[in-house]
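A.B. asks: Please work from the sequences and hints to get the whole structure.
Letter by letter, the chains look like this.
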Amino acid sequence: MAKERSIPAPLTNPETEPFWAAAREGRFLLRACTACGKAHWYPRAVCPFCMSEKTEWREASGRGTIYSVSVMKRAPEVYAVAYVTLEEGPTMMTNIVDCDFDALAIGQAVALTWRPTQGDGPPYPQFRPA
Amino acid sequence: MTIKRKAYIAGAFEHPTRLAKDRSVAQLHAECALGALRDAGLTKEDVDGYFCAGDAPGLGPLAMADYMNLTLRHLDSTDVGGCSYIAHVAHAAEAIAMGKCRVALITLAGRPRSEGHSGAVPRVRGADAPDTQWEFPTGIATVNAYAMCAARHMHQYGTTAEQLAWIKVAASHHAQWNEHAMLRDLVTVEQVVGSPLIATPLHRLDCCVVSDGGGALVVVAPEVARSLKRPLVKVLGAGESMKGQMGGAVDLTYSAAVRSGPAAFAEAGVTPKDIKYASVYDSFTITVLIQLEDLGFCEKGQGGKFVADGNLISGVGKLPWNTDGGGLCNNHPANRGGITKVIEAVRQLRGEAHPKVQVPNCDLALAHGTGGLLGSRHGAATLIMERE
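Protein chains in written order, with our numbering: chain F, 1 to 130; chain Z, 131 to 518.
Where hints are given, some of them may not hold.
Straight-line alpha carbon distances no greater than 30 Å define the calculated DSS-like cross-link-like pairs of lysine-lysine that follow [what the hints assert, rightly or not]:
#1 Z/Lys-230 - Z/Lys-364
#2 F/Lys-73 - Z/Lys-435
#3 Z/Lys-430 - F/Lys-38
#4 Z/Lys-364 - Z/Lys-174
FRET-style restraints, in silico, Cβ to Cβ [said to hold, decoys possible]:
#5 Z/Lys-486 - F/Ser-52: 50 to 60 Å
#6 Z/Gly-374 - F/Arg-63: 19 to 29 Å
#7 Z/Ala-393 - F/Val-78: 40 to 50 Å
Since the hints were made in silico from the structure, they are not lab data.
The beta carbon of each residue, even a glycine, is placed where N, CA and C say it ideally should be.
C.D. replies: What follows is the structure, encoded as structure tokens:
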């Protein structure tokens with residue numbers, strides 16, 4: 001396996017701190033709205049579907065499928081950016097790792113994996129072929 | 131209320147430089163302003179409205195307006211990325227229609243080439259933006275964001291790399307006649323798909339150039355336009371919009387042109403079939419294909435067939451497009467291609483495009499652009515112009 005890209009630490013804020021605190025415990029949270037019932041991405045205090053403030057964190061499965069993917073060839077370490085559609089509904093921007101980059105395909109099943117970030121930042125959610 | 135026939139584009143100027151190691155960004159803005167005012171036959175004393183976007187150095191429009199020592203009664207620094215300047219023409223027309231100004235100056239300039247920018251390098255687009263913490267760590271840059279749109283379009287509609295390559299081929303056919311174009315060599319479909327992959331499925335030749343330079347436009351009230359000696363190019367209609375990730379309901383196969391386009395056509399009272407020339411933002415080949423579909427030049431999913439076989443080449447195909455060579459071959463100053471789209475449309479409407487690419491009797495033109503990233507969140511602006 002080629003050397004992996006070093007991942008910048010996410011710049012967290014009070015609105016999102018619970019996600020990253022859970023990430024440090026290996027738990028993957030989604031934000032969902034109790035008014036309209038929908039989960040969304042990226043996590044927000046105010047629901048992007050119905051604008052309700054009645055949103056809450058929910059533990060998610062970490063299972064999904066690749067919606068789209070691009071392998072960055074012109075980089076010191078080749079890497080794949082992707083949109084993954086989670087089992088719970090939302091599609092999130094992420095990376096696909098632990099894989100044969102040339103074999104990645106839209107529709108492929110993937111599962112969550114955490115990766116460390118620079119400077120002891122919280123781990124970042126990525127996916128690998130399931 | 132409408133801006134239809136309420137304003138005219140009287141001045142247009144594209145800076146001839148593509149590498150400006152010896153100039154400052156402010157200087158480039160001012161040189162572009164001077165060029166467009168001279169083109170119109172006006173001076174800075176005539177300017178009472180000023181428009182610029184995020185490429186202008188300093189706070190909003192203040193630093194550049196002060197550098198040029200303008201006396202203003204209308205200022206607007208709307209920034210929706212590379213298409214800002216197309217929106218600025220519409221905003222200037224609105225201000226003129228409302229009597230807020232009579233002579234509006236729009237400038238863009240930058241020197242990303244001198245500064246070593248690359249669309250393959252991730253950069254923070256606002257550390258405080260709510261999406262940054264989720265997306266910057268992925269290594270999202272410019273090229274891989276657009277590449278994900280291409281990958282999805284190919285998956286969903288069967289679009290091929292060869293079809294995308296035709297867009298670059300058309301741009302190169304036009305750029306060969308443009309003495310200022312960065313890339314003047316004709317290229318073939320085989321050369322495009324044979325060039326190195328940058329971010330799959332986009333090749334090096336699917337990507338626009340990185341260039342220094344800039345451009346400027348002067349938008350004026352009808353009575354001002356009629357007092358000048360330049361051909362009359364009037365604003366017929368405009369639309370703008372944006373599109374993001376829709377709370378996680380991501381769909382990369384279409385752009386905000388699905389809203390900005392119909393709004394512009396409705397205001398102008400024309401349809402895509404009436405358009406004689408189209409400037410459509412070409413940050414990447416896929417950008418063009420998706421926008422052409424969304425603007426209604428062909429059905430969704432049929433863009434690959436529409437752009438193939440030279441259909442975008444002036445004198446060859448049905449839709450003469452980016453006859454200056456566009457961002458793919460000519461110029462992409464400040465990594466923002468909106469103003470050059472309007473400038474080439476104005477040249478076409480005036481009959482001042484290069485004779486090898488001039489569309490005969492070009493009386494109706496469209497300029498459309500995208501700003502930000504098609505693959506995450508982007509602005510869109512459409513402008514329809516008519517020669518009187």
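A.B. asks: Each of the hints needs a verdict: does it hold here or not?
C.D. replies: These are the hints, each one checked on the structure:
1. Z/Lys-230 - Z/Lys-364: Cα-Cα ~18 Å, so holds.
2. F/Lys-73 - Z/Lys-435: holds (28 Å)
3. Z/Lys-430 - F/Lys-38: With a Cα-Cα distance of about 29 Å, the restraint between Z/Lys-430 and F/Lys-38 holds, given a limit of 30 Å.
4. Z/Lys-364 - Z/Lys-174: holds (21 Å)
5. Z/Lys-486 - F/Ser-52: 50 to 60 Å: Once the Cβ atoms are compared, 59 Å apart, the range 50 to 60 Å for F/Ser-52 and Z/Lys-486 holds.
6. Z/Gly-374 - F/Arg-63: 19 to 29 Å: Check passed, 25 Å falls within 19 to 29 Å.
7. Z/Ala-393 - F/Val-78: 40 to 50 Å: Holds, at about 42 Å.
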